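J.: Chain residues, written in single-letter form:
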Amino acid sequence: MVGTRDSELVPELVRAWGPRVSQDRKHISVCVATAAGAKTIANLQDNGRVAVTFALPANSNAIQVWGRCIGTGRPHRDDLAAVQAHRDAFAEVNKDIGVPPPFINALWQRELAGSPAMVRIRFVAEQIFNQTPGPDAGSRL
Amino acid sequence: MSEVRALGVPLDSIASCFEGVIPASMCSCSREGLPNVTFLSIVHRMDENHVGLSFQFFNKTRKNIHENPRAQLIVVTPGTADQYRLDLRYLRTETDGPGFDRMRARLEAVASQTGMSRVFRLRGMDVYEVLDCRSVNQEGRSEIVSHADSIRELEAFTGRLDNCEGLDALLSTALEALADLFGHRHSFVMFPDEDGTRLYTGASYGFDPSGVGSEVVIGEGMLGLSAARRSVVRVTNLALDKVVARAVRSGIEHRGEESILDKEIPLPGLPDVRSQLVLPLLSRNRLLGVLCLQSADPGRFLESDERVMQIVARHLAASMASTMAAGSAEPKVAALQSDTAPAASHSVIKHYRSDDSIFIDDAYLTKGIPGRLFWKLLQAFVGTGRAAFTNKEIRLDASMGLPDIKDNLEARLILLRRRLDERCEFMRLIPAGRGRLHLDVRRSLALEELP
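Chains as they are written, first to last, in the numbering used here: chain S, 67 to 207; chain A, 11 to 461.
Source of the hints: derived by calculation from the structure; they are not laboratory data. Keep in mind that this is a model prediction, so the values were computed, not measured. Hints may be right or wrong, so weigh each one.
Simulated crosslink set (DSSO-like; lysine-lysine; CA at most 30 Å straight-line) [unchecked claim]:
| no. | chain 1 | residue 1 | chain 2 | residue 2 |
| --- | --- | --- | --- | --- |
| 1 | A | K360 | A | K402 |
| 2 | A | K70 | S | K92 |
| 3 | S | K105 | A | K70 |
| 4 | A | K73 | S | K105 |
| 5 | A | K386 | A | K360 |
| 6 | A | K273 | S | K161 |
| 7 | A | K273 | A | K252 |
| 8 | A | K402 | A | K273 |
Start from the sequences, fold in the hints, and give me the full structure.
T.: What follows is the structure, given as structure tokens:
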């Protein structure tokens, strides 16, 4: 999930797919549905502040990355391949907590129902936190 | 209270998003402009313009909303996977009231079941005004709210119960009717024991083996807490709750703080239960038992199901109370002699006085009050050939040394009867109507009393 905020500090959320770490390990990219992510993109162009939480449904392990956006634009072929791989893996791991794969398919198909276009968000990680539920949630990594 | 504001999508039209089947996401923002994203298991829809979120831990979200009250949620419809954004403004934190109590009952029941009672504590319910609700998807389609009132099914249910004689028939009919009329194919009823410390299963439907006789401690786990608090406990995705609980448990163990953890409590019933609805069976505020419905599907029991099942549970409890009272008022009837000649085969029945456990040819049958009752019946049968008994004579028989079990006697006899049906091929305890019992024995018996 990607969190941003506008100039009035009003938060905005959107679901993201296909996370990738750059080869030089200096930035991270994710893709969001263009229509569903319109306000997110506008916020990032306004102030660049971004928080992204990555969670594994099978065991609730999660991290949150706070960072600064360094660019938005059309995804490359490798980004779209990562999106597809993420969707497939997400459907698989959700089976264990009672969410059937057709539901996960519906989740992203509904996001793209109006427009199949996606936009890539690239950001630099500034702080990383443990987000796994428990006594260490919120601690810096 | 804020004025009622018309939302882009009425919360009522997306009620299933607030059932906890799919986790919600939340974004808050600090005064310095740093967004923060978290996941939530409980979003309670209070009314058309307010939601309540659980406050368990002091964290960044908590700090943020006190600095900047604006937040946003994304909730997901379990059926269609449609997503909705809710723009929120933090108003206050409640530490009592119906919304808080409801949230606490669910949270503490799951915490107790997973051995986390000293970890998961609801400190409060954060109340937010919903400023707007809109679809994330371009083609939003809020679900069609079904206003099916289940009146026909309820009418049929009460009709079937009207024709039952005796507690055993009443419970069997009720659980079968829950499957036939409402599609709840796995259900059981547990009774409290004499001293109010445990619940034991007295009737079940849709389980193999039946699970009759399984026990839980009152005050522990979802079943025990429902009985202790006399409140409904409903969970919609137990698999998800367990995953979160295990993640927290792992973190606590990693820090070497195991002393605050308790054992995960086994749940009677389906091995892969994901949805569960537990309803206390109350008559004039007296606990007669709990009714438990289970399903392997997440999201099986929604708020609307809970309302209908509350009516079912209240009618069932009233019928149970009436049946038990009728049983207590039964006149004593003449004892009958056994009309069944024991066959040539032979079995040894052992009774251990220390815990009233009964073993048939060294196979365990039951213990406690049902064991003591059965031993008494067997002694009469072997000593005098009596095979017919009345509830009332058992209740009044001082030599039995029974505690004051009054109208709970029939529940004990049901347990005994079901245990015999499941575990013994040659003895049955048959209800003979109007508070009478017939002991059907098809072997010669030798009784052996042990310390």
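J.: A separate judgement is required for each hint: does it hold in the structure or not?
T.: Going down the list of hints, with the structure as the test:
1. Under the criterion of a C-alpha separation no larger than 30 Å, the hint pairing K360(A) with K402(A) is consistent with the structure, at around 26 Å.
2. Between the alpha carbons of K70(A) and K92(S) the distance comes to roughly 26 Å, so the proposed pair stays at or under 30 Å and holds.
3. About 23 Å separates the Cα atoms of K105(S) and K70(A), which keeps this hinted pair within 30 Å; it holds.
4. For the proposed pair K73(A) and K105(S), the alpha carbon gap of about 25 Å is at most 30 Å, so the pair holds.
5. The suggested pairing of K386(A) with K360(A) holds, with an alpha-carbon distance near 12 Å, which does not exceed 30 Å.
6. Between K273(A) and K161(S) the CA atoms are separated by roughly 26 Å; this keeps the pair inside 30 Å, and the hint holds.
7. For the hint linking K273(A) to K252(A), the alpha-carbon distance of about 13 Å falls within 30 Å, and the restraint holds.
8. Our distance criterion of 30 Å between C-alpha atoms is broken by K402(A) and K273(A), whose separation comes to about 42 Å.
Checked against the numbered hints given earlier, the structure breaks only hint 8 and satisfies all the rest.
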